[in-house]
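Q: Chains as they are written, first to last, in my numbering: chain H, 1 to 234; chain B, 1 to 288; chain A, 1 to 328.
These are calculated hints, taken from the structure and not from any lab test.
C-beta atoms are modelled at their ideal positions from N, C-alpha and C, and glycine is treated no differently.
A couple of the hints might just be wrong.
Derived lysine to aspartate or glutamate pairs resembling EDC-like cross-links, with alpha carbons at most 16 Å apart [stated by the list, open to error]:
hint: 1; chain 1: H; residue 1: Lys179; chain 2: H; residue 2: Glu215
hint: 2; chain 1: H; residue 1: Lys105; chain 2: B; residue 2: Asp186
hint: 3; chain 1: H; residue 1: Lys105; chain 2: B; residue 2: Asp62
Covered, in the sense of this in silico footprint (three residues per stretch, anywhere, with C-beta under 8 Å from a C-beta of chain A), are these stretches of chain B [claimed, not checked]:
hint: 4; region: 85–92
hint: 5; region: 143–151
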Amino acid sequence: MLEMQGVTAGYEGVPVLRDVSVNVGRGELVGLLGANNAGKSTLINVISGIVPIMSGRLMFDGEDISRVGAQRRVELGLVQVPEGRHVFPQMSVRENLLLGGYNRKARPERGANMDHVVSLFPRLGERLGQLAGTLSGGEQQMVAIGRGLMAGARVLMLDEPSLGLSPLFVQFIFEIIDKLHAEGMTILLVEQNLSLTVRHADRCYVLERGVVAVEGASATVADDPRTRAAYLGM
Amino acid sequence: MRWTNFSRRSCRGFFVGSAYGLLALGMGLVYGVSGIVNFAHGDFVSLGMYLCFALFTAFALDPYVSVIFTVPIMIALGALVYRFLIKPIAGRQLLMVIQLTLGVALLIQNGLMMAFGGQPTRAPSMIESKLFLVGDVVIRGAHLVACIVSFALAILLYVMLQSTDTGRAIRAVQQEPRAAALMGVDVGRVQVMTFAIGVGLLAIAAALLLPGLPIQPTQGLRFTVITLLVFVLGGMTNFVAIMLGGIVIGVAEAIGTIYMTHTLGQLLPYLIFVAIMLFRPQGLVWRS
Amino acid sequence: MRPDFWPALRSPIPWALLALAATMPFLLPNYYLHILTITLVYAALASAWNIVGGIAGQISLAHSLFVGAGAMLASALLVKLGINMWLGMIIAAAASAAMGAAVSFIDYRFRLGHLSFALITMAFAEMAEIYVTNTEFLGGASGLFLPKDKGDLLAFQFGGINGVYWIMLGMAAACVAVNFAILSSPLGYNLRSIRDNENAAQAIGVGLLRNKTLAMTISAVLTSIIGTIYARYLAFVDPYLLVSPVLTIEIVLFATVGGLGTALGPALGAFILAPLGEILRGHLGGFLPGLHYFVYGLVVVGVILLMPAGVWPSLRDRVLRKPAAAGN
């Protein structure tokens, strides 16, 4: 469904990713692992159209979208839930969700999507009128994911959703991810937490300093000694 | 007698102050979305006034009617200025943006000077001489119109920001531009749009301030400074506080001159400004 | 790369240029000498402002305060109290230094950001104009007339345009030299680190208050002295010219066009814009008032968009064919 073919990309002419090929099949939950600065966030920012591609191709539904603008990619359903959540602090939860459904494609579906989000996160349903900036970190993560779903995500890209959350919330967020996966959502999950990710993902990629070091089914990736090496930076 | 004088002055200050508030709303909107403080703000007001003046001399149009033409012209101009002059340097050093807008101020001010000459001139309105009596306070029609329209526009703008998709997009860019972009908001377009709206508001404010006011091409800096005073008083982005700040400055200006020596009266708005800047940098009103 | 002050001072090039410039009164007709003198005034003002606005990155819009003090106060002391203008110049410079230090202290004490600093100094400038035009001692709105220049050097009289030209030439050269000296000294290093990142500068032990105050005081004293000389040259001291915020805006624009934070840029900016402005005003001001400011506006907007670092750094980099170094 989403296919990155030999992509080299980076900032201001300095490549961060080198010849990276990653593919995500329809309905799959794919984990993207790696140490800090391995290029994980850069990779999903390439998919979101924020970091330009220097060489290689990005295919989505069989079409080359390497040159498609960031706004248009959201409309196509490539939606990123950014690291650190970045909810709109001075807006209510409802407004945050409505803004998630801002793009042209998602706007007509906002009612239905809102119901879906509230059924996933009943806690948000109780707090629709509250300013997002006053929520706890875990609740903000729910808003961020909910906002992504409101945007009509066909591929949901989650950047470190467990970052800075209490273990209880981490567990809850992963339950939600499983649930979305079970509903047929295609998910690209960027995580540093190796053991947690391999337990939930179908397949995983491990990035090391901008190249794919290991890839395969979650279980084999977890057992591969190179995975450990990539994490320890050896 | 003194009391009447006081209430007449305060009323005048209140009414004019509401138009000042409108001037600063435009600045606050742009600052929130693009982080730009436009030092050509007052010169855009000047431009709006001279456009009214030109329409008056050419077609004898009343300034209030001219707004139909001046608003779209100014909106288009604002969009062009942002797109081609400000956007290339937005996000760079603050000094650069200040300098650039000062350059734009020179262009507008002296463009007007070349087109209309430096002599003070006026564009009269039919309601300019209309007076209303409320109790024993005389209110000038133009001031009343200025007040009503300013508040109506402020409320309209507030409702637009709170409850339309465009308004939400504007606020989203203010609060988290990166996340807004990830949600499919075209941040660049929102910035151009808010700048254009801000300049469009100035076209209306210009018409409201115009009746009875002699205009001169060099007046722009004065309006910029007044706007900055109000803008800072209002904590820069808080709408309600900005309107309030406009009234504080308007009233301070109007009554400062009767209760204090001439000099002190003139200095009063600036003294208030400096005090607020130093001791309450978040503005007069703040969110809890 | 830091410019080295002492070798530059030993090099014959600046001295030869200065000597050449000093012969201008014998070569140029009075009208052009007048333009050159005005240009030197602005070159000196822009260089003095650069210490605060360029090297330290503090957007001061209050410099009309210091020009005004130098011009109005020294003149008033002479006209109203009969105090010798040399002494008046020193008193005004001391007053400017005190005001400059006060502005720096306020900046430090309240930890003003760049925007707040610009706005507050702008408010000070507006207040200064209101205060001066309402104060009879300083000449009020109508200004002051200085006694006729009889060439008595002890009474701060330079004997007409030639004398003022030489004095201004010396003053402008001194201002540029001070810029060079600061850029090649620890103060310059401290100021630039403050400009680039105030918190980081403080973390490595750069004293904010001390360095900012020093920069502002030096700049204020120089500006005030220029103001006194300029007043003497004009003979009629007009508050709407000399205490006007517009004057500061002109200075800031000249410095920006030339190249902020460089030693030569601000003076170069003045040499590009001031003669252009004066000539346009002299020839076309009659039927197109405002044209020269309009052209300033065009140049400023054009330079900021095309050469954001300013004319001097762009020229230097093009000539020396080295990659653009930010700032200095």
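Q: Would you mind marking each hint as holding or not holding in the structure?
A: Evaluated hints:
1. Between Lys179 of chain H and Glu215 of chain H the alpha-carbon distance is near 24 Å, which puts this suggested pair outside the 16 Å criterion.
2. Between Lys105 of chain H and Asp186 of chain B the alpha-carbon distance is near 15 Å, which keeps this suggested pair within the 16 Å criterion.
3. At most 16 Å may separate the alpha-carbon atoms for a hinted pair to count; Lys105 of chain H and Asp62 of chain B exceed this at roughly 45 Å.
4. Using a Cβ-Cβ cut-off of 8 Å, 4 residues of the region 85–92 of chain B lie near chain A, which meets the minimum of three, so the contact claim holds.
5. A stretch counts as covered by a chain when three or more of its residues have a beta carbon under 8 Å from one of that chain; for the region 143–151 of chain B and chain A the count is 0, and the coverage is violated.
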